[in-house]
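A.B. asks: For reference, the chains in residue letters:
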Amino acid sequence: MKNILKLVSLIGLLLTVVPSILYFYGSLSFDMHKWLMALGAVVWFSSAPFWMNQATD
Amino acid sequence: MKENTVVNKLNSIEEFERTPVPERKLKGLKSFIGMYAGEHTAGTEFVIGPLFVAHGVTAIDLFAGLIMGNLLAVLSWGFICAPIATHTRETLYFKLEKICGRNLVGIYNLVNGMMFCFLAGSMIAVSATAVGIPFNIAMPELGDWLPTSLGWIVTVFAVGAVITVVAMLGYEQVSRFANIASPWMILVFVAAGFAALPDLGVRSLGDFWQVAQEKIWTGVPMEGQSKFTFWHVMFFAWFANMAMHIGMADMSILRYARKWQYGFSSATGMFLGHFVAWIASGILCAAAGAIAPGPIAYNAAGIAGAICVIIAGWTTANPTIYRAGLAIQGMMPSVRRWKVTLAVGVVTTLAACFPALVMRLLDFVALYGLILMPMGAVIFIDFYVLPRMGLKDNFATKEGLRFYWAPAFTWFTTLALCLLLNMSAGVDIFFLGLPGWFLAALLYIGASRFLQQRKQTILEKAQ
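So the protein lines, in turn, are chains A and C. Under this note's numbering, read the first sequence as residues -18 to 38, first letter to last. Under this note's numbering, read the second sequence as residues 5 to 467, first letter to last.
Because the hints were derived from the structure by calculation, they are not lab data. The reader is advised that the hints may include incorrect statements.
[To be verified] The list that follows gives simulated cross-link-like pairs (lysine-lysine, DSBU-like), each with its CA atoms no further than 35 Å apart:
| no. | chain 1 | residue 1 | chain 2 | residue 2 |
| --- | --- | --- | --- | --- |
| 1 | A | K(-13) | C | K34 |
| 2 | A | K(-17) | C | K34 |
| 3 | C | K343 | C | K402 |
Predicted model only: the values in this text are computed from it and were never measured.
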């Protein structure tokens, strides 16, 4: 389960950064880049708290 | 009943304000990597990057100055602050109390707490520039110093309330929040920078350096701004967190580190936050032709950019309010930390209503580091040098003093001489930290030697 959550989080990070690179190279529209970044934020914050930095003591 | 449960939970949070952190509470490297990356990828990075553009830094001066200055900052954390923090495992405030006596450290704590409040206030204000976007709230401009609208004040209070509650819950929550947010935030800075480049005419990475020199860091300051050189950038990057490293404020954080080498984890904050983020926000500023953090991030990255500004403000304001709570609590050790943090949060939020905190951020950051730095030199000398000279360390505790004049003389004289250099010789405040630290070190050695030997002489005569 934890590995699945980590994979989902990774997808969130990729959705955050890859669209801007695609936009830079002209492969994606500016609006699509912004919406995919927003989706990346939702995916990251919905998954990362469930596996990151757990039980540090 | 529920209220009692919350209060009991808050009362049960143990932060070791007056005892060394026990072995079982030490934290691993990951905690510090996340903490530093989050804390230094802050809302203020959206202000500082554009200010370098405004001050007419050239591209080569910016890149070289940032690399050198950030490296020196990391070395200052690793070799000056962390070894003492992990050896004593005490807060800065408790350590100072042992050296200076309760009354002097009370003055220091008050000044320190106020500085942290204002710094956290600027973070809250930066976050508020993004929170206000969807509500179409009139945001303050660069020239505004006073609250500009009721909407602005309401927005600031909403942001301040959330940040204060998180800080009240203690270091664990602060660290956890920063760790979760930081990888995403850094990528938002990178993505926003990439997305803004086509607007400046960059079509491939090969175009970047030429555009950087001609359209971003042109070497020509904006009207009314002074010209910054390599030295300005280097010293600003080194001393932007002077209070934290050579000023020893991060003893309060690094005392949780299992090893002193974890001080070098500050590299994540310096080279992601104070390098990548400052460069990215400079690009955003040049592309948008504006400076306000919320709108420039929103323009390049949409909702995610605005959320990034909000969270970047939070992750810096949270530990800063936490530190301010510790500082003020040093004056009132019997009051629970969460109650002090609540009071600090209210004061901070009130301060955040005044946009002047953001508009004069560079000056404020430099001043706050300079004011607190001499006490860092006092701790360093007290820890490493005095015992080797046959003088007593932690003199106030050992002699039962409530006010020890050696550190007081060091602090006040260093600041007076720095002020003199600034006002009479026109030395920029960014350049005063380095000579100021050595001056404080020499003054403290001289004053300690004089006062301790005089006391010894008096005792010998009495016998």
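A.B. asks: What are the numbers of the hints that this structure violates, sorted from low to high?
C.D. replies: none
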